[in-house]
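**Student:** So you can see what is in the structure, the chains are spelled out below.
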Amino acid sequence: MIRVMLALALLALAASGRADDQTTALLEAGYPDTALAELEARLGANPYDPVALNNLAVARARGDEVFAALELLDRAARLAPEHPVIAENRNRLRTWLMRRIERADAHGSDDAVAGASRPPALLPEPPPLWVP
Amino acid sequence: MEALKRGLIAAAVAVGAVLPLAVDALDAAALQQLVRQAQFWETRNRPDLAREAWTRVIEADPDNVQALERLIELEARHGSAQKAAEYEARLRRLAPDSPVFQRRAQGLGAADRETALAQARSLARSGRSAEAIAAWRPLLDAQGEPPAALAVEYYETLAGTEDGWARARDALARLSTARPEDRQAALAYARVLSYRAATRREAIRRLEALGDASSPVRAEARRALRQALLWLDAGLQDRALYERYLRSVGDDAELRAKLDGLQAAARARERAAADARRAEALRAGYEALDADALDAAELFFSNRLNTSPNEADSLAGLGLVRLRQQRFAEAENLLGRAIAARPSLRASLTEALDTSRYWRRVSEARAAQQAGQWREAARRFAAAVELRPDGDADVRAATTRALRKAGDAQQAERILREGLRRKPGDPALVGEYAELLLAQQREAELDALLAEADRRDPSMLREVRAALLRTRAARARDAGDRTAAERWLQQALAADPQSPWVRLELARLYRDMGRSVEADSLLQALSEMPVGESDDAVLVQAYALADAQRWYETLIVLERLPPSKRSVDAADLQKRAWIQYQLQRAEQAAALGEPGRAVEILNAAIAAAGRGPDHASAIAKGWQALGDPARAVAALRRAFAQRPPTPGQSIQYAALLLELNQDAEFEAVTTSLIQSGKTSSAERRELEDLIVGYRIKLADRLREQGDIAAAYTQLREVVQRYPEQPRVQSALARLFTAAGDVDQALAIGRALLRDQSEDPRAWADAIDAALAANDRETAQAWIEQARRRYPEDPAFLRAAARLAEQQGQRARSLRLLREAAALEDRARAESAAPELMLIAADGSARNGLPQPVFDLLQEGGAESVGPLLPRAGDAGPSAAPMPLRVQRYRLDGALGARATETPARPAASIRRPLQLRLDHGDPDAAARPWPGRRAPRSIAPTLDETMQRLETSLGPWGAASFASRSRRGESGLSRLLAIETPFDLASQEWELGRLGLRVKPVVLDAGTVSGLRNKLRFGTLALINGESGDLDQSADGIALSLGWRIGEFAADIGTTPLGFDVESLVGGLRWQTRIGQAAQLAFEFASRPVTDSFLSYAGAYDPLTGKTWGGVVRSGGRLDYAYDLDRYGLYLNGAYYALGGRNVEENSVLELGGGLFFRLLREARHGNLTVGVNVTNFGYDKNLRHFTFGHGGYFSPQFFTTVALPLTWTGHRGRLDYRLEAAFGLQSFREDGAPLFPGRASLQQELEEIVEFEPINEIPLGYAAQKNSGLAYKFGGALQYRVNAQLSVGGLLSLDNARDYEESIAQVYLRYDFAGRSAEPGVLLLPELTRGTLP
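One line per chain: the protein sequences are P and S, in this order.
Sequential numbering of the first sequence, starting at 1, is according to full-length UniProt numbering.
Sequential numbering of the second sequence, starting at 1, is according to full-length UniProt numbering.
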C-alpha cells in the first residue's frame, strides 16, 4: 500500500514538474496569454503553490502588470519565505516600483507647494466607511 | 307634635319608676311559660326542642327539680351521658329521692324495648335520626351503650345525627376491627365514613372492597359506593374511581354525567389556571413596555416567542416594542401576526397597526430619499399620505420634494396645493412650495410668496430666501460675474446668518477670487459653532475641509454626525473623503518604500469605490500617482462604459491618453468634448491646456521627421494664442533650431532662461539653440548651470558632449556621452519592469531569453504553427528581421578638406557648416514603409549611435599610399615625376589629443639637364657657356613628421625628405573654428616645402660652384573664411608667405581668393552636384621660377589671376564612394623679368662681363618678363571602396592643364581603421600628402 502511495506521489510530482517546464517554456517562447492561462489554472487547483505564484508574477510583470505581480510575489513569499528566487524577485520588483513611484512623485510634485514636507510615518487609519 | 313628645317622655319616666317592683312577678310567670313550652314539645315528641326549653328553665332557675329530672332522661336518650350525669349529680344534691333515680336503675322491659326499637327504626328510616336516637335511649345501658346485636344499627343511626357521627365512626371502627368477619359492621363503618367529605374517599375504598362479587353485602355496598361517589367533591384525580365503578357496575347516567362534568371542569380549571399563569407571565413584559424599558421588553417578548413563536400576546407585545423603536415594518408584521393568531385582539391593536403602517411607509420613503431614489421615495410618501390624508404636513411636503427631485414638479405642485387647501399657511407646505417655485425659477411668484410669508412671520421662509439668493449667486458665478455673485451671497448671509451653506459658498467664492483671508475667516466662524448645534454646520465644515483636500480632517469632522443624521450627501462626502484619503495613504506608503502596502491601500479604496463610475477619477489618479497610467485609463474606461463621462472626467481621460501616447483617441475625445459645448470655462481652459501640449508634441514629432513646415503649422496657432507660455516658446525654439533659424531660437532660449526657468526642457532647448548657433560661450555657461540644477538629467551631459565635439574634443565628448549613457541606462532600468526569474521544474532559477530574441518573438505576433518549412513563404507583412537603419547623423566639423586642396578645386575646401543635421543617406528608405513595421523610430540619433560614431572616429588607424605626380616640362628643369609613398599611423584620440606619425619615402626624377639651352639655364653653367655633361636630376629621401591634434588645434613638425640635397625642418600650427552657425574660420601658420619642381623641393647641385641651391620652404600665415548657407555659400581666403631656400633669393607672396558655390543637387541616389565660380589672385614679390643659381624653381608671377567654374559631383553607391571634378576657366598672369642669378650680384656681374666679352654667345643675361592669358581646365576623380569596417582602398586621378602647364596625379591608398570604423558613405579618406598624418 505504502509503495503504491509513494509511486502515485512521485508521479504527481513529475507531472507537476512538467507543468512548470511547460509554462515557463510557453512564457519564454512568447506565448504569455497561454502561459498565464496555464498558471492560473494551476493556481486554481492549488492556490498555495509558491512556484506557480512566482511564475505567474513573472508573466504578469512581463505584461507590465507590475502591481499584480507584486501581490503575487508577496503571497508567494508568505508561503515560501526561504525561497531565494522568490525573495530575489520580490526584492527586485519592490525596488523598481519604489523608484518608479519616486519618479512619478517627483514629476507630479512639480506643481506642488515647494517645501511641503512629507510625514515620517504612514498616515493613520481612516474611520470606517459609513456605507461600504 | 310638642305635646306628643312630652307625653312619650312622661311614659318612659313612669315605666322606669315601676320596673324593680315587677321583676319577681315577671320571672315566675316566664318560668312557668317555659315549663309549659317544654312539656308541649315533649308531647309533640320533639325532645330536641323540649331539651332546649328545659335547659332555658334550668338557666332561669338552676334548682328546678322538674327540669333536672326531664333533662336527665332527655340527655340520656339523646346520648349525652355526661350531661345526663351532670344533671343527675345536681338533682341528687337537690332531690336525692327523685323517682328518676329509681327508673334509671330498673331499665326497660322487653316490650318496651321492642316498641322503642320499632320507633327508633321508623324514625331512622324517615330520616329523623336525632329522634330515632332518642327512641333508642331506653334500649341503652347505663353507660349509654346499645346491646351488642344492635350496636351496628344503633351507631349507624347515631352517625346520622349532627353530633353523633364521630362517636358512631369510632364505635363502628372498633366493631369492624373486633369483628372482621362481620361484613355488616364493615359496611356500616364504610357507609358512616362516606357521610363526611374528609373520610369519603376512605369510605369509597372500603365500599369498593365490599362491593366485589363475593361479598354478601355487595348490593348494599355498591349502592353506598354509588352514593359516596355522587357525594364526592371529585377532582381529576378521582376520575379513576368513577371509571372503575362504571366498568364494574355498568353504565350509570348520573355518574357518567358526573365523570364528564369532572373532566370538563378539570379542563376549564386548567385553562383558567393557564390563563392566569400567562397573564402573570406577560405582566413583566407589558410593565417594561409601559415603563419605556424597551430593551427589557424586547428581550422579554423575544424570549417568549422563541419558545412560542405564535403567541399572540407576545407578538403583540413585541410589535408594540418595535413601534416604539420606530421599526415600523417589523411592528406592522408582528401586530398583523398577533391579530391573525388571536382575532379578538384586532380591536385593541388596530390603531397601533395603522400607525405602524403609516410610519413604515414614511420611513421607507425616507430611506429611498436618502438613497437618492426620488421616484420610489415619492411613491412611498404618497402611499403614506393616502393612509392619513390629514396627517403630518411634513410628510406631504416631503412627498412633493421627492416628486420634484424625481422630475414630476407638476404632481408635486398639485399635492402641495391640496395640502395647503387642507392646512392653509402650514409652514412646511409653504416652505416646500417656495422651494418648488425656486427650483422652477418662478421668481415673481416666489417673491410674492416671500412677501406674504414676511407679513405673517418674517422668519418663516428665511432659508428659502437664502436659497433664492444662493441660486442667483450661482447663476452669476456661472456667468463669470463674481461681483454679482458676491453681492447675492452677502444678501443671503444677511437673510440667514445661521446658514452654514451660505458661508461655505461665499468662502468658496472668496477663494476663487484670491481672497483667502476672508474665506478663512468665514469658515473659522463656522468651526467655532458649538458641536452638535447644527448638523448642516458639521457637514459644511467637512465640505470646506474637503475643498482644501484635508481628507483626514474631513473624515474626523463627519464622524460628529450621529448615524441617524447622516444624509445621502454626507455619506457621499464621507465615501469621497475616505477614498481620497486612502489614495493619499497609498501614495505615502509608496513614498515610504512600501509599494505592496500602497497597492493594498489602493485596493481598499478601489473596493470602496466599487466598479461604479462615481469615484473612477479618483482611482485613476491613484494609479497615476503610483506610476501606472495604463490602469488609470482602464479604470476610466470601465466607468465610462457604465455612465457617460462628465466633461471633467473626459478631460482627465484625455490627459492620460496624452501621457500614454494614445494620440488618435486623444484627438477623438478632445474633438468630441469641444463639439459638445458642455464644458465650463474652467474646463475649456484645462482642455485647451492639454491640446496645447498635444500640438507641441505633434510639432516636435513632425520636426523630428524633418517636416518643418507641417510642424510650424501645428505650432503657429498655439504660439498666437499662448505666446507667453514657456513650453510654447520652448517648442518654437526647437522648431527654429531645426529650421536653421538659430538666432531666433537663441533669442527665445535667452528669454526662457532669463528668469532661471525651472523647466529642464527649457534649459535643453536653449542650450540646443546655443549649440546650433555655435554660441559656445553661452552654451558652455548654460550647460554648466543646467548640470548643477539637474545633475541626474542625461540631456545636459549630451549637450556638453555636443559642445565638446564642436570644439573638436571628441574624446571628451565620448566620455560625457558615456556618462549620459550610464544615466540613461539607470533610468531605463528603472522605467522598464525588471526581469524576474522563473522557477523551473527542479526549483532552480531560470532566467528568461535574451532580450533581443524575446523582442523578436514578441514582434512576430502571430503564433507559428505546424512544421518548420525549409523556406519561409510569403506570409504577408512581417516584422523586420533586423532593426531598420535608415538615417544616420554625420557630424561634419572639418573645415579643411581631407583631400589635397588646390586653387582649381575651391569648392572642395568648403564644406557645409558645422551643425547637427540629418544626412539622409537614403531618404527614400525613410519614407518607404517596411511591411509590419512598428512605430517609426525617432529620427534623432540615439545615444548609442552617437557614441558608436565617436568611438570609431576616435580609434587608431593606419594608411599606406602610393602617389605619383607628373609635371610636363623641360627635362632636368621643370619636368617632374614625384613618387611619394607615405605610411601613416594615427594613435587613438585621447582627451589630450591624437598623435600621428608619417614616414614618407619620396623619389623625385626630373630627368637630366641636357642640351645647351637647358644647361645655360641651370645653375651657374651659363658662366661656362653650358659646357658640362648631362646632369641627372633625381633624388630620393624619407620625410618624417609627427602630428598632434586636439580639438580645433592641430600642430605638426617634420622634415622634408632626408636624403635630398637640401633638407629642411617643416611644420605648422592650425586652428579652425566656426563663427556662428554658418561661418567658418581657419588660421594657419606653417612652413611647408614648395614641391613645384625638383629644384624647389629637393634642391640641386651646381657642378661649377660645387654648391647646392633650392629646397624652398614657404613660411607664413593663411586665413580662410567661409559662409555656408547650405544651398549656396561663399568663401574668401588670404595668405602671406615668405619663401626661402638654400642659395635662393628671398621672396614673398600675397594671395587673395574667393568664390561662390551652389549645391545644385543633393540626392543620395545621384550624389551631390556643386558648381561655383572661383577667383584666385596672387602675386610674388619676385619672379624666381627659373632654375639658375638663386632662382627657386617655383611658379612666382607678380600677378596671377584666374577665374574658374568648378564643378564637383560626389556620392556613393553601396560601398563605393566617388568624386568627380572638373573646372574650366581663364587665367592670366604676368611675370617680371628676372636676372639669371637673382640675389647673386657677383655672379650676375661676371655673367654680364662674359656676355659683353663674347656677345655672340647664346648666354642669356636674364629672363624676360611675360604676360600670358589662356584657358585652363582640370579633370579629376577619386574612387574609394570600403572593403569592410576596417579597410578602405581608393585611388585618385587628376589632370590639371593650363598654358605651358600640365600636371597629372595618380594615387592609390589603403586605409585600415583599428576601431572598425568604416568610412562614412561619401567620405573619402585620401591621405593628404603635404601636411602629414593629421592635416
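The hints are simulated quantities; they were obtained by calculation from the structure and are not laboratory data.
Check the hints yourself; a few may be wrong.
Computed, partial: chain S to chain P, Cβ under 7 Å [unchecked claim]:
(1) Trp578
(2) Gly593
(3) Ala608
(4) Ala1079
(5) Ala1082
Positions of the beta carbon are idealized from the N, C-alpha and C atoms, including for glycine.
**Student:** Out of the numbered hints, which ones does the structure contradict?
**Tutor:** 4 and 5
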